[in-house]
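Enquirer: Chains as they are written, first to last, in the working numbering: chain Z, 1 to 668; chain P, 1 to 668; chain Y, 1 to 668.
Don't take every hint at face value.
Copies of the same chain are indistinguishable here, so a pair counts whether it falls within one copy or spans any two.
[To be verified] Derived DSBU-like pairs (lysine-lysine); straight-line CA-CA distance at most 35 Å:
| hint | residue 1 | residue 2 |
| --- | --- | --- |
| 1 | K560 | K371 |
| 2 | K165 | K302 |
| 3 | K90 | K422 |
| 4 | K635 | K6 |
| 5 | K474 | K233 |
| 6 | K530 | K29 |
| 7 | K560 | K30 |
| 8 | K95 | K172 |
| 9 | K427 | K281 |
| 10 | K263 | K90 |
| 11 | K384 | K302 |
Quick caveat, the hints were computed from the structure, so don't treat them as lab data.
This structure is a prediction, so every number in the text was calculated from the model and none was measured.
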Amino acid sequence: MNDVIKLDNFLFGGDYNPDQWLKSPEILKKDIEMFVEARVNVVSLGIFAWSAYEPVEGEFHFEWLKEIIDNLYNNGIYTVLATPSGARPKWLADKYPEVLRVNKDRRRIGFGMRHNHCHTSSVYREKVYIINRKLAETLGDHPGVILWHISNEYGGECYCDSCQKAFQNWLKDRYQTIDRLNDEWVTAFWSHTYNSFEQIEAPGTMELGEWAMNPLLLNWRRFVTFITKDFMKNEIKALRDAGNQKPATTNFMYDYDGLNYKKFSDIVDIVSWDNYSRWHKFEDIEVAYDTAFQHDLMRGIKHKPFMLMESCPTAVNWQSISKLRWPRLAETAGLQAVAHGSDTVMYFQMRQARAGMEKLHGALISSYGEKDDRIYEECVSLGKRLEGLGRCNSGQVPVQTAFVYDRENIWALEDSFGPRNKDMGIKSLTNKMYKGLRRANLNVEIVDMEDELTGYKLVVAPLAYLHRAGFADKVRKFVTAGGVFVTSYWFGIVDEDDKMHLGAVPHELTDVMGLRETEVDGLFDGMKYKILKAQGATDKLKEEYSFDMLCNLVEPTTAKTLMTYGSDFYAGTPAVLVNEFGEGKAYYLGAHAEDAFYEDLFDYIVEEAGLDRIIEEKLPYGVELSSRYLGDQEKVFLQNFTRNEIAIDTKVYNGTLKAYETVVCDKC
Amino acid sequence: MNDVIKLDNFLFGGDYNPDQWLKSPEILKKDIEMFVEARVNVVSLGIFAWSAYEPVEGEFHFEWLKEIIDNLYNNGIYTVLATPSGARPKWLADKYPEVLRVNKDRRRIGFGMRHNHCHTSSVYREKVYIINRKLAETLGDHPGVILWHISNEYGGECYCDSCQKAFQNWLKDRYQTIDRLNDEWVTAFWSHTYNSFEQIEAPGTMELGEWAMNPLLLNWRRFVTFITKDFMKNEIKALRDAGNQKPATTNFMYDYDGLNYKKFSDIVDIVSWDNYSRWHKFEDIEVAYDTAFQHDLMRGIKHKPFMLMESCPTAVNWQSISKLRWPRLAETAGLQAVAHGSDTVMYFQMRQARAGMEKLHGALISSYGEKDDRIYEECVSLGKRLEGLGRCNSGQVPVQTAFVYDRENIWALEDSFGPRNKDMGIKSLTNKMYKGLRRANLNVEIVDMEDELTGYKLVVAPLAYLHRAGFADKVRKFVTAGGVFVTSYWFGIVDEDDKMHLGAVPHELTDVMGLRETEVDGLFDGMKYKILKAQGATDKLKEEYSFDMLCNLVEPTTAKTLMTYGSDFYAGTPAVLVNEFGEGKAYYLGAHAEDAFYEDLFDYIVEEAGLDRIIEEKLPYGVELSSRYLGDQEKVFLQNFTRNEIAIDTKVYNGTLKAYETVVCDKC
Amino acid sequence: MNDVIKLDNFLFGGDYNPDQWLKSPEILKKDIEMFVEARVNVVSLGIFAWSAYEPVEGEFHFEWLKEIIDNLYNNGIYTVLATPSGARPKWLADKYPEVLRVNKDRRRIGFGMRHNHCHTSSVYREKVYIINRKLAETLGDHPGVILWHISNEYGGECYCDSCQKAFQNWLKDRYQTIDRLNDEWVTAFWSHTYNSFEQIEAPGTMELGEWAMNPLLLNWRRFVTFITKDFMKNEIKALRDAGNQKPATTNFMYDYDGLNYKKFSDIVDIVSWDNYSRWHKFEDIEVAYDTAFQHDLMRGIKHKPFMLMESCPTAVNWQSISKLRWPRLAETAGLQAVAHGSDTVMYFQMRQARAGMEKLHGALISSYGEKDDRIYEECVSLGKRLEGLGRCNSGQVPVQTAFVYDRENIWALEDSFGPRNKDMGIKSLTNKMYKGLRRANLNVEIVDMEDELTGYKLVVAPLAYLHRAGFADKVRKFVTAGGVFVTSYWFGIVDEDDKMHLGAVPHELTDVMGLRETEVDGLFDGMKYKILKAQGATDKLKEEYSFDMLCNLVEPTTAKTLMTYGSDFYAGTPAVLVNEFGEGKAYYLGAHAEDAFYEDLFDYIVEEAGLDRIIEEKLPYGVELSSRYLGDQEKVFLQNFTRNEIAIDTKVYNGTLKAYETVVCDKC
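Start from the sequences and build out the full structure, keeping to the hints where you can.
Expert: Following this line, the structure appears as structure tokens:
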């Protein structure tokens, strides 16, 4: 396992809630027996156990937990131990109502559900500190405990006075003077000039007022990341103050937009995340690429292997429709995580809850509770297979390609008011371009604009509307030094406060791109336009591709046109261009095109730029290809994400892949 | 008329609001004249007349009402007299704001509309008691008054502190100790353990907090029924304290989900309800079956004839689109109620309101106000026909078949979080199975899980997810004794607190059903799968049927497979099974199938089990068939719910049915 | 230019926000240079500049504004000077929170956005008075200032106690006694009788209570118009008290439903409005007719030429999708306003904002800021063309046809609860009938029921459900005197308090129409019915037309049937009728028919009634035809609203119209 946790093998297990079953010792016993048979070697404990730890204020009970951890450890099962701040006891909320969040509409919520505490409440921070410290003092040194699971799926935001005060202070740190903030935010717009930081309020709902002031929205989002991280620091401090130095993580979520996870890279010892792919809802190979992107996104936070902390071996219960998973899909989904850099396969949940909102959520052990259960049998099979993979040594994924996915840019795009409020296609374009790269047999590293670009051969940066400070300069240096850079429409428009760049755009990069962006056009839903191959462009591109959603008109200076628009008043003007600059090349993709375009284009670029492919042969659509080091050997993963048998004829593997089958083989 | 009211004939009339016309004596006079011509013999008075009764606090005015009742009585028209609690005067709400409801978001509403009082406000209960008692003392003994109409369409809920206190007390009665409640509700989930009943709060909105804790949701719904009934008891007590013993009802609503009407069976002397079928919005015969189910549901509350208290002779005004009714439909809709056990046909409203939200709602007398009006003419025709039916003697509907429709089970299904949050298909499956029974020429009694099953030959219980205490035992005894039991997927999963049953399900009934339910699959919208006839299964079933929405996988022990799945990874596994147990049979229908399946299956079951049909001949689709005793004679009702003439060739009737025509004939 | 402003030429320009650029003198300089090149001769200043005028309470700064106005004036550019009440400084909202609006849910909003002040707050009125007066005193006499732009896009409503008190007083003025109000509103319905005006509350949200009491809703809407106008009076008073007598306007919005703009006709010196047509979203010629209607609606407020105060030369940014405009469309859209009576073409905005919600909104000068910009070039071209049109002299549009579009009637229809709550088709029927008139080559004057009908030859009044006092009488006189009157289903149903007329309808007009309306039928979405030509009806009508949405059944007395219904139970009954009455004719159009019906019918009526057409020749679909006097010459505007070249062969013009081209020629 990972270099952080210092265990050799893959970890297999997941969230376990014995606190719900303390009166049923026969269940607890049967659980262990079934875990052992499935090769489970880790569970996460205590995530929502605060009321079991401290049923009355100041009265602590950890004996039951010790017994559970002992029992697990004696059966070869490690514990990931959670701090319980994700849900507080009723007595705590009743006595200190200020621990509960104030919603965006400025009303304090009642007790209920979970994940809804104020981030700045001094009482809550104190109570969390105490319970965390007691937990660390009592059980932190247990040899079975290998990792801290700080809280659970941090998210959301609080608008109480205390949080607003913290926001004002954060702004003061950032801008120093109110005049500078007024200038950067252009508050003269609609007479919003502030006289002091104390006048600044967090955004409100549409009903209550300030919901559309871009720099305020953007900076509030930045602040939420800051204050959540600050809350987490307080949690970790309690553990360290107790003398415990075991590593810590917190479980991230799928493409979560509420936090900039990249900012957590220096506070988590290892990245972990919870994956609930919507298998079968869409074509599974599409879901697979989407999931792959998320695994890569998580690996990219620290540029290191990570943990799959939660997932589900079959249907979850909270989606609008719960579709059962096909045989072998659980196994292949688990191995996909491994292929992309996970050192674990873990589930929510080890045993189905008996009541409440998650009682119908899939689990390793269902309410039925016996071994002759399809899902349990699939878990056993995966457990054995992971055991068979041997030492993982936190093997790296070899990459030459970086994909720029920047949360602050996404935030700015989401709130930009134009040119397509309905849907800017961020997700769609990201998926298309990522899939294009993967279909060209490349591993991909996800970076953001704070990351360095040196060391990569190909950098792809779609919809890079907002440039973080220094990004334009990184792009310039990367291309100058011989890199291949690919971007899209709506590139380099605003600065870090979402302020328009004046003059020609892409700002500071018109020479690198060899063009000026003029107008951006939003297409109505259902409109399909064409781009047409320009004379003399590469044969790797087809004569035409369709596009929709958005496109950018440009005026080239030095860039060469590869494709032109085929529709509307701008028919005949350049749509896809490439510019030679310094030692490198810069591609501009002016429209949101059909998938085939990106597949063809990247295939051409990879060949032309001489990038290494995982394997040389093109695989049939439906098979995902990845590679990763396990020990010193680069392993190739071939995964069939269809319901059909697929024949594979490659140097690394020659044979068939059954429906949802994974083959792992050595790279030759 | 009914054995409760002691009148021989059918009652014809409806809601009348002379309080809106007191300054127009010519209108009041014309009304009576038109009522008499239409054979109207009953009106409901005073439903929203509180401000006319008590325009200023403590000042009562009933003279005008006495004059109205006298006048009606002298013209042969009885009065159903309402208590006015459904809407209070402005002075009352202004002086005692606590009489107004607190919404789920914990904000007290303002004055306005109606049906929005707090159920526990002591002031409101006192004010209602006073006005009801005054009304009873002043006019309760009038010979024209035959029935009390308590309030109007009780519904909704209040979340004020007083109601929450009442909820806590109700829970204390139910669970005795907080430990027991914690155990039954499994409050350890998400750290929600309570230290005392005083800590328990009613559910909140999604914004405010506790919106998804199943046992809390379910018990809150039970409490709302309890407290509404308690409020009604206070209303009736005022009448009885005034020395009045006339029978009482309250008007129920179509499939109303906010109350468990079955719990009112011991407090209403006769069941009454308000029917607003959406004629023409869907195929009319489908609307007719849906309406028929509702009539049967109402009859099933006390297992006795009931009153149609409100309906509309033409378009209502509150639906999104108000479609006019075809000629004769008003008559046939009225007679359908009679066929299913109603002793009345009554309308909202006798005369169109002149202003406000209901001024465009259909009425016996429109704003036009003359006799040469299509709707008035149709009402006259129906009035005469009801008069011609003679004595009704509260004739019973003869039944051998029970249909289990349990409100608490429905509540649990609606909030269950999985396997299909979008739509569990409760309504759809109910309609399909009910229609299948009716197409087999059966009358049907609707029961809930508190009812006894003995005495029936066939019991149908679709989607019986939650089993009320004792229900499994009733099913076992029923089948053992020779009954035919039919159930569906998702059967016997949770207990009365929505807690999962551990081990094999259906809980306590795996032997009766001869199978174990394994996994339940939610199908995405638009997916259509097949079930295929198993070898050797009856010829009455077709080779295949389609299904959608949901299906259950099973492992049979002793059950015999009638049909198998034809799709997905579970193709070939059993879908429809029958098990012989004791003297009886138990059918398990694993999927939400197309209508034809239920029609074919019930036709087969009725024949095999030798049930009595109303008539033997199968009728064309479009004709509803019912029977009911009028006096000592069982009458057969043949009703054409299409726009075409239909030829009928049966022993009871040989001839044609015109569009929307009803024929009533003696059973041979 | 207009007779109010006393300038000869068309004005070209728009909203300009130099207050956002005070630190960038090079930008301000470049702006002037580009304005001059584009023949810009007017800008609107200061609309949201309060925090620049009064950055701290009581400290006023107008120097910068004077410099700007001087500079503009020295370059031949006039100023429309705005009062800044549309958005207040943060310090003002913080110190006097009561200036902020209370929402319908009775919660006071926070600071933010704009257009959200209380209309009755005495502090706000005082602060607005002071700033307006200071502004007038300081710069009102500047020769460059030609017009006051009072506030911005007045709209919305406040529900604070002070506004409610004002509402009660307004009701007291209107009804004198509470008894009269109770009678007119029929408050006996649902026991809502008031004891005093003090008991009356404004409507609330559906959650909070009183949301459906028609006369309350209708009168609240009337009050909102009254109080907004009252607020505006206070604004203007400040200017007049400063001794300034320059004319004033306020900018109206597209079909804005929140105010009855007709009531502002005596307070604005000239009507102005902001037009944001959704070009390209629908077929452009349809958008053109819709826009034309709005221009005519604005001209109809004072029956005089008006100002196009805002519009956009290319895509806006706040629509869900921002589609670029085709070449020449900006020019043709500007000239369309002129054709319909505008003396200006003005834009929001002259230069793109640098940040905030409107930074991506189209402008004459974009963030790019150079002259080689497609949109700037189009503006230059239009500026030159307007210059070339010469003196406009507030030339009138010659009309013989009036179209009745009454805001109070629309309000009543929107809230009427039946017969089609989903959509009464007000907009749809209005567009169909207006387009029918325009396709018959007629100019159209929009009037409301307060306007006189004398002087017109044809009056069209669709969906005239509520008749304002005296309207029926005007119709009677108009027809008696020889006019042709055309109305539709749902005619003359309620009085000014939305109270049903008793007896036969259309109220007081059954003899004029020669029929009685019996029942109104709402058709479900997707239903298409037919009307069929009656025997002997004019050849100008086709044999059949389709209809949907709504239709009215009638019983004719003297009216002659032109078409009958072809569907449903009312097949064969009259659908379209004409009645000769006095010297005139009255047409009743019973159904919401397809466009062709109105085009054919009006073509027939125009011919039969001998109305003057702008030109005699029928133009191809896609060309809009209008006429207007410029100086003494009636000019004919031919505008191609398609992407195709269209050949025109008429007496006034023989040649082609390119895509989006406008030709202006003399009427022969």
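Enquirer: Are the hints correct? Go through all of them and say.
Expert: Tested hints:
1. K560 - K371: Between copies only: 25 Å across, 64 Å inside.
2. K165 - K302: within (31 Å within a copy, 52 Å between copies)
3. K90 - K422: For K90 and K422, the Cα distance is within 35 Å only across copies (31 Å; inside one copy 41 Å).
4. K635 - K6: within (21 Å within a copy, 84 Å between copies)
5. K474 - K233: within (31 Å within a copy, 58 Å between copies)
6. K530 - K29: Answer is neither: 64 Å inside a copy and 42 Å across each miss the 35 Å cutoff.
7. K560 - K30: between (68 Å within a copy, 33 Å between copies)
8. K95 - K172: both (33 Å within a copy, 22 Å between copies)
9. K427 - K281: Both, since 17 Å and 25 Å are each at most 35 Å.
10. K263 - K90: This pair counts as both: shortest intra-copy Cα distance 32 Å, inter-copy 33 Å.
11. K384 - K302: Within one copy only: 29 Å inside a chain, 60 Å across chains, cut-off 35 Å.
Of the hints listed earlier, the one the structure fails to meet is number 6.
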